[in-house]
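With the hints as extra help, turn the sequences into a complete structure.
Numbered by this note's numbering, the letters in the sequence shown go through residues 163 to 452 in order.
Taking lysine-lysine and the DSS-like style, the derived pairs with C-alpha atoms no more than 25 angstroms apart in a straight line are:
| hint | residue 1 | residue 2 |
| --- | --- | --- |
| 1 | 261 | 313 |
| 2 | 415 | 313 |
| 3 | 228 | 239 |
| 4 | 239 | 313 |
| 5 | 252 | 276 |
| 6 | 239 | 258 |
| 7 | 258 | 276 |
| 8 | 239 | 406 |
| 9 | 228 | 252 |
| 10 | 228 | 276 |
| 11 | 261 | 228 |
| 12 | 228 | 406 |
| 13 | 369 | 415 |
| 14 | 351 | 313 |
| 15 | 261 | 239 |
| 16 | 252 | 239 |
Okay, the calculated beta carbon distance ranges per label pair:
| hint | residue 1 | residue 2 | range |
| --- | --- | --- | --- |
| 17 | 419 | 440 | 21 to 31 angstroms |
| 18 | 380 | 227 | 24 to 34 angstroms |
| 19 | 220 | 408 | 19 to 29 angstroms |
By construction, these hints were calculated from the structure, which means they are not laboratory data. Glycine included, every Cβ here is placed at the ideal spot set by N, Cα and C.
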Amino acid sequence: MGANESRSSSDTNGEGPSSMPRLGDIPESCMASILMHLDPLEICKLARLNRAFHAASSADFIWELKLPSNYRFILDKVFDANKTMGDLGKKDLYSKLCKPSPFDGGTKEMWLDKNTGGVWLSISSEALTITGIDDRRYWNHIFTDESRFQKVAYLQQIWWLEVDGEFEFQFPAGTYSLFFRLQLGKSTKRMGRRVCNTEHIHGWDVKPVRFELTTSDGQHAVSQCFLDNPGNWVHYHVGDFVVKHPNESTNIKFSLTQIDCTHTKGGLCLDAVFIYPSSFGNEICRSFRS
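Okay, here's the thing in structure tokens:
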């Protein structure tokens, strides 16, 4: 009985377990100050703990730090200064930018990596200059759900392979990699299963394909390799470039060529060009393969 009285007295005086500080008692401003140092996924996980964390996780100053430095440029470039986008809270804006958004007539896409806020870009084959593309003896556009753009350029046979592209964008500071996404063979579905037609694949083991990129500030990269791995989408690394001045636009010119006219080559699908922060490494390439 004495023990019970002691416990009751402790509770009444506000010194017992019932008066212990709880997680929800932390001031919202303090929670927000902690959350600003976490990455976006960690913030979203903590937001599910209780109402206080959920409210703190929506603070604009937290998500302003997670958005890329060029997000206002993105709103103008990709969303054409859409007023509705500009009125969104910073958390909702971040969420919106993490979803692939088409621009330039649907021939390009931009999105943010949801973990880091890094800027990713893809450029469809229709936005590239391809020698002979209007001659159906050489090239065809074929529809496929294996492309982000639902369509790829398919090369049946040609002597002179030349693909050029040019792109201008205001990138956040950092190092970026540029890749061509290619596949030897034409994929189709038969009885619900993916099959690859290799009928026209030839000429790629004779001479390597040359990839090249140059930037408006004088950077230059060249690489060469033989195309292989029929039936699988492969990201071929063209090169890297560094952005030091995020408030300035960078113009990039890039190409894929195999212009040795001693032999023909064919059976190649050209999907798109990808640009993303180099820090993601080669494992990102594997995640895009079919």
